[in-house]
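*Asks:* Here are the chains, one letter per residue:
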Amino acid sequence: MAKPVDLALSGLSKHYGRNVAVEGVTLRIAAGELVALLGPSGCGKTTTLRMVAGLVEPSAGEILIGGMQVTKVPVHKRNIGMLFQNYALFPHLSIAQNVAFGLQMRGVGKAETAKRVADALALVQLGSFADRLPAALSGGQQQRVALARALVIEPSLLLLDEPLGALDKNLRESMQVELRQIQRRLGITAVLVTHDQEEAMTLADRIVIMRDGKLEQVGTPEEIYSQPATRFVAGFIGAANFLKGTVASRGAEGLAIALPGGGRLLLPTETQEAPLVAVRPEAIAIGPADGPLPGNGTPATVEQVVYRGQMTHLYMRLDDGEPLLAYLANRDGAAPDGAGMRVGERVMAHWPASANKVVRDN
Amino acid sequence: MRGRLSTSGAVLVYGFGALILLFILAPLLVVISLSVSQAPFATFPPRGFTFDWFGRVIADEEFRHAFMVSVVLAVAATAASFALGLPAAYALNRWKVPGAAAMEAILLSPQIFPILITGLALLQFMASRGLRDAEMNLFIGHVLITLPYLVRTITASLKLVDRTLEEAARTLGAPPWRVFWLVTVPQIIPGIAAGCLFSFMISFDDFPISLWLADAQTVPLPIFLHSSMSRVFDPSIAAMSTLMILTGALAVIGLEKLVGLRRAMGI
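Protein chains in written order, with my numbering: chain A, 683 to 1044; chain B, 9 to 275.
What the hints contain is simulated information worked out from the structure, not anything from laboratory work.
Computed from a prediction, not measured in an experiment: that's the story for all the values here.
All C-beta atoms, glycine included, are put in the ideal place defined by N, C-alpha and C.
Heads up, none of these hints are tricks.
Residues from chain A shown here face chain B by an in silico Cβ test under 8 Å; the list is partial: (1) 758; (2) 762; (3) 764; (4) 772; (5) 784.
Restricting the straight-line Cα-Cα distance to at most 25 Å, the calculated cross-link-like pairs of lysine-lysine (DSS-like) are: (6) A:759 / A:797; (7) A:685 / A:754; (8) A:797 / A:685; (9) B:104 / A:759; (10) A:754 / B:104; (11) A:792 / A:759.
Chain A extracted, bound-state conformation:
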């Protein structure tokens, strides 16, 4: 495999007339890193990937692969491997001919082509399928052939456009593991586009959250989940309760916030205004309603109890009408009994101060 190279995007933009698809994306992806572009449909993640591939011409900005300026280089000279959601295998060519396609374009000799095709098919464990036509293979097998076809040319970059989106859940999960192992083993720099947050978490070294054509937050999966920068990120990755109150007092411990529903929060921040706070549902614990008001907590009424195996989802309503969601862990599959597990019951929801994530409201 060729030496891994880094990818740098600088002020990358794409406008279609007055519509802005991508605006000012600046991002550096280290050699050997797998970065996921994640966001809802229409956020510009696919357009960004297609600009890196050369399939879409940027309106502004630069693309550098391994320090080389490629913004004006046509697709077929960029030396990239790309996977598409619909696999894009050539239906009239056999599996081996599909994998050999990129080598033929590079004028590689017959003997070497045969050897490299065999190696690539062995890498994805499809050596015995060489003479079949793509239509004879399942979706998962077809995407593995597409992976072999993309990797056999020893590309500088591997671009993945929703590669597992068409597969069913179980197959998708095993393919995620396989894709990750192969990418790690070859040490190839990769960009993945997905709208599936679990897939991004599973595969990526770093996640780029995009919204309305712009970068919203960049970080490791853990950073993105535990320190969401904005309301959008907190709500898009996992679930979150959003709380906003008024400043009740300032002390040595920080800011005490009174919630309109009768609860309160303690924040170690110095802001003038009371900020928006996100609290993950799994951070919330339930106590009896007649207990003392905790440092971070609120009284609530249980509205719905949903048993989900490893967790029970508890939907509550605060006294000001705002919803509150808690995930309560189930030990050995048994729902936690005791206070507050019945609909209509009054409870006291509470959480540690560390669970308060101050986010930008956007």
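Following the hints, position chain B against chain A.
*Replies:* Quick look at chain B alone, frame taken from chain A:
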């Protein structure tokens, strides 16, 4: 889920289908049956059985000449229409050509205008320009009426091409012309084949253009058939017609062998 017909429903559907097929094929069957009739005139029902009329027709040098004129004309017109139609259809569909819609409409317009009038207009134009080479005039006229079929079928199959296949080929290092030949063309072969078949049959069967542009030396088969019929109406006319039907059938079978008729017709 596919529904199953009840027995009475099946009888009705198949019976009706058979009637429609009979309606389409009966005239052809009548012609074929007359071509082997022993009666000296073309009368139905035929009497006896003989291949004599075919022998006479094939021995007729004028018929052989007319047949060859029509085959060569149909092949040449189809080849030229393909050579013009493929790049035209591709450019109009894939490139941002100013006025593409208008150009496509003009290319397809010979299908809409009365062919007889088109032929007359061509004759007037060519006469006014002093173009008296009947072979060349027929060739130009036939290209004019066959081109729309190729443009239309190739356009239709280009619209069905999976563009991500082309994108995949580009990322794998294929320059544009190799993407076209290695990925796009294999996908539109059925459309090309169907277009060529239509084109061949339209030209081979053409009367209204050839009527104006033929001369005494260059007589396409349909013109020859028509003038023979006004001289004498014996079963040799039916034999000639049967040979024309056979040529069409051979073209269809050839297409089936080459690309598969179902694929070619897009079914």
